[in-house]
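**Q** This is what each chain is made of:
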Amino acid sequence: MTAKSSPRPLNCWEYLECAHGPDSPDPCPATSDEHSNGINRGINGGRSCWGVVGVLSGAEILAPCALKESCPTCGFLHLVKSEEEASFQLLKLARGVDNAEELQQTITKVESFMAIHERLRSHFDLDQTISEITEEARKVTGAQRASVLFIKGKPAALHGRFGLRGKKREVEIALDETTAAGSAAINNHIVNLRDIYDQDDVGGASPFSREYDSQFECRTQSFLAAPICDPADRVIGVITLANAKKCFFSSDDQWFVEKYAVEVYLAVEKQKFIQQSISTLRLATIDETVAGLSHCIKNIAQALRTGSHIIKRALRSNNIQDIKAAWDILDRHIERLADLSMVVLDYDPIVREQTGEPSLNHLAEHVANLFKEEARARSIELTLEKGEDVDPAWLDMMDIYRCVVNLVSNALEACPLSDGSVHLSTSRSGENELCISVSDNGHGIGDLTNVTTPELFQSSKLRQGAGLGLPTIAAIVAKHNGRMEVDSSLGRGTTFRVYFSENTSRP
Amino acid sequence: MPKAKIMVVEDDLDEAKLIKMVLEGEGYEAVCMFNGREALEKLGAEKPSLIVLDVMMPEMDGFSFCAKVKASPEHKDIPVILLTGVAKHIHDSRFPLNGVIRADADEYLEKPVQPEDLLKTIERLLQ
Numbered sequence: 277m278t279a280k281s282s283p284r285p286l287n288c289w290e291y292l293e294c295a296h297g298p299d300s301p302d303p304c305p306a307t308s309d310e311h312s313n314g315i316n317r318g319i320n321g322g323r324s325c326w327g328v329v330g331v332l333s334g335a336e337i338l339a340p341c342a343l344k345e346s347c348p349t350c351g352f353l354h355l356v357k358s359e360e361e362a363s364f365q366l367l368k369l370a371r372g373v374d375n376a377e378e379l380q381q382t383i384t385k386v387e388s389f390m391a392i393h394e395r396l397r398s399h400f401d402l403d404q405t406i407s408e409i410t411e412e413a414r415k416v417t418g419a420q421r422a423s424v425l426f427i428k429g430k431p432a433a434l435h436g437r438f439g440l441r442g443k444k445r446e447v448e449i450a451l452d453e454t455t456a457a458g459s460a461a462i463n464n465h466i467v468n469l470r471d472i473y474d475q476d477d478v479g480g481a482s483p484f485s486r487e488y489d490s491q492f493e494c495r496t497q498s499f500l501a502a503p504i505c506d507p508a509d510r511v512i513g514v515i516t517l518a519n520a521k522k523c524f525f526s527s528d529d530q531w532f533v534e535k536y537a538v539e540v541y542l543a544v545e546k547q548k549f550i551q552q553s554i555s556t557l558r559l560a561t562i563d564e565t566v567a568g569l570s571h572c573i574k575n576i577a578q579a580l581r582t583g584s585h586i587i588k589r590a591l592r593s594n595n596i597q598d599i600k601a602a603w604d605i606l607d608r609h610i611e612r613l614a615d616l617s618m619v620v621l622d623y624d625p626i627v628r629e630q631t632g633e634p635s636l637n638h639l640a641e642h643v644a645n646l647f648k649e650e651a652r653a654r655s656i657e658l659t660l661e662k663g664e665d666v667d668p669a670w671l672d673m674m675d676i677y678r679c680v681v682n683l684v685s686n687a688l689e690a691c692p693l694s695d696g697s698v699h700l701s702t703s704r705s706g707e708n709e710l711c712i713s714v715s716d717n718g719h720g721i722g723d724l725t726n727v728t729t730p731e732l733f734q735s736s737k738l739r740q741g742a743g744l745g746l747p748t749i750a751a752i753v754a755k756h757n758g759r760m761e762v763d764s765s766l767g768r769g770t771t772f773r774v775y776f777s778e779n780t781s782r783p
Numbered sequence: 003m004p005k006a007k008i009m010v011v012e013d014d015l016d017e018a019k020l021i022k023m024v025l026e027g028e029g030y031e032a033v034c035m036f037n038g039r040e041a042l043e044k045l046g047a048e049k050p051s052l053i054v055l056d057v058m059m060p061e062m063d064g065f066s067f068c069a070k071v072k073a074s075p076e077h078k079d080i081p082v083i084l085l086t087g088v089a090k091h092i093h094d095s096r097f098p099l100n101g102v103i104r105a106d107a108d109e110y111l112e113k114p115v116q117p118e119d120l121l122k123t124i125e126r127l128l129q
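Line by line, the protein sequences give chains A and B. Residue numbers for the first sequence follow the working numbering, beginning at 277 and rising by one. Residue numbers for the second sequence follow the working numbering, beginning at 3 and rising by one.
Hints in this document: simulated from the structure, not taken from any laboratory. Computed from a predicted model, the values in this text were never measured in an experiment. Don't take every hint at face value.
Said to hold, decoys possible - Straight-line Cα separation of at most 20 Å, PhoX-like style, residue types lysine-lysine; simulated pairs:
id, chain 1, residue 1, chain 2, residue 2
1, B, 49, B, 70
2, B, 78, B, 44
3, B, 122, B, 22
4, B, 22, B, 5
5, A, 588, B, 122
6, A, 548, A, 428
7, A, 444, A, 662
8, B, 22, B, 44
9, B, 22, A, 588
10, A, 600, B, 22
11, A, 574, B, 22
12, A, 588, A, 428
Please build the complete structure, drawing on both the sequences and the hints.
**A** Below, the structure is given as structure tokens:
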């Protein structure tokens, strides 16, 4: 028997054990909303409370749950959804909306909001998440600009990025009442400039009109700022909307921006959780890893010391046979050392735990970030160019990651002591083929151009010139039936391009 | 005529070969075994004057091998040099390994050991 056929499904006030039930002195609007009666088999709005609580229709009384929770994260909504299955109704045509078109718009906005909530659950990059939230908030509210600003620095100020004339710019806004964003942050309430202008109604002229602006001695602006709070109600930032249209943001827009503020907070918390998890994971495995590494390194060092001893002795006695035998072993251990260093770099939980559709651009960005500090310390300009039609990339991401790490590491090594530059880029080179390119302006590796991999890496001379890790790259390229091109000229730099065919067996 | 026969017990072929070359370069005869079990089986036949022993090996590790050698009336007098990554720790405490095995080697050298130090230790133990 399914839950749907149970005699009387729970209403929100029963499920949440709400103090604002129908028999309470201060009942929630959901308990008396007759227009919603029967939706999802609820009593009045008892099983469609997310559309009843008043916020969408502009009512002033809010149920406590609406003040504290984001409806899409509320367990009750998901319970009703699962119980009603295909009969589930998100919203009812009613409450303050008597126009079918307007209703449809509202439904679309709510569904869009719920969709982004689901989508964000699979994100683990804060910048990407914030960017998606602001873009959705902008679209849903019809704003010209949307931004998220966080409180940080000493003295504390709001920091974030504004899109101005097509470019993103870093901004810093003082934490005071001179701006709507600052006011929203320090007073912990939503600021809608509509309220300011409405209070100063000048001579019957409408806001945004020339007469109004002229009497008010400033241009009417439409701006909305909502605080982003943690569960203890401490403000951590502000989400802002600016409207170019000559109208103010509506109550619905306010409702949405508050919900988006909650999403931002959740994204921040998620990022913290991910970072903590990574730290914990690293700490938990560090003992084992260090022990393993230590053993491995000691064995390599032992071989290097003993081999060196034999070669020195053989040189004195001109014993070519011993020199050759020892050198072959030393050579192998140098490669083991190089491989070991790459294994250490490979240890990256973010890449290992990536879920969802594989993204080559995300991987490239991650590698660029990995080497950002090293590049900065050596005054090397490390740039990344992400191909537009690259993702999803159906590749073995761990192998590709090793490959890109090796390429970028080599390129950094090859850079000159001053004015070094390394450029990493991704692109789609064929219907099922992707290309990763890494260029440097280093010393170059001679006149080798457009050489295929297997032959290339048999040359120890080249290896010496191009840094360690190339055998690893060659092995990965070969494993994936890929190919590699190398353009290089002495003193001008080198470009490695590796091409990988995507897996044909996709999920 | 070689100075003495030394058994090198080491699972890493490269390392075994290098140590063998070092020893042979100094006039010793060297035989290589690649794990403790194999070494134990060949001990009676090979009759080495000294054993250079790695710790981490498959099938039978160096500690177990060393314990068996020292428990054997026939082989207990063969000097054993243990090459280990935890030599200092063993020197400090002589801790019972795995709660059962006690490392009873005659000398402990910590990897990566200098070949000269290994040779000096061998000479001293063979005197």
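**Q** Are the hints correct? Go through all of them and say.
**A** Here is how each hint holds up against the structure:
1. B:49 x B:70: Given pair residue 49 (chain B), residue 70 (chain B) holds - Cα atoms ~15 Å apart, limit 20 Å.
2. B:78 x B:44: holds (15 Å)
3. B:122 x B:22: It holds: about 15 Å lies between the C-alpha atoms, which stays within 20 Å.
4. B:22 x B:5: holds (14 Å)
5. A:588 x B:122: Distance ~18 Å between residue 588 (chain A) and residue 122 (chain B) Cα, so the pair holds.
6. A:548 x A:428: holds (16 Å)
7. A:444 x A:662: Given pair residue 444 (chain A), residue 662 (chain A) holds - Cα atoms ~17 Å apart, limit 20 Å.
8. B:22 x B:44: Roughly 17 Å between the alpha carbons, so the hint for residue 22 (chain B) and residue 44 (chain B) holds.
9. B:22 x A:588: holds (16 Å)
10. A:600 x B:22: holds (15 Å)
11. A:574 x B:22: holds (18 Å)
12. A:588 x A:428: At roughly 60 Å apart (the allowed maximum being 20 Å), residue 428 (chain A) and residue 588 (chain A) break the hint.
Of the numbered hints listed earlier, the single one contradicted by the structure is hint 12.
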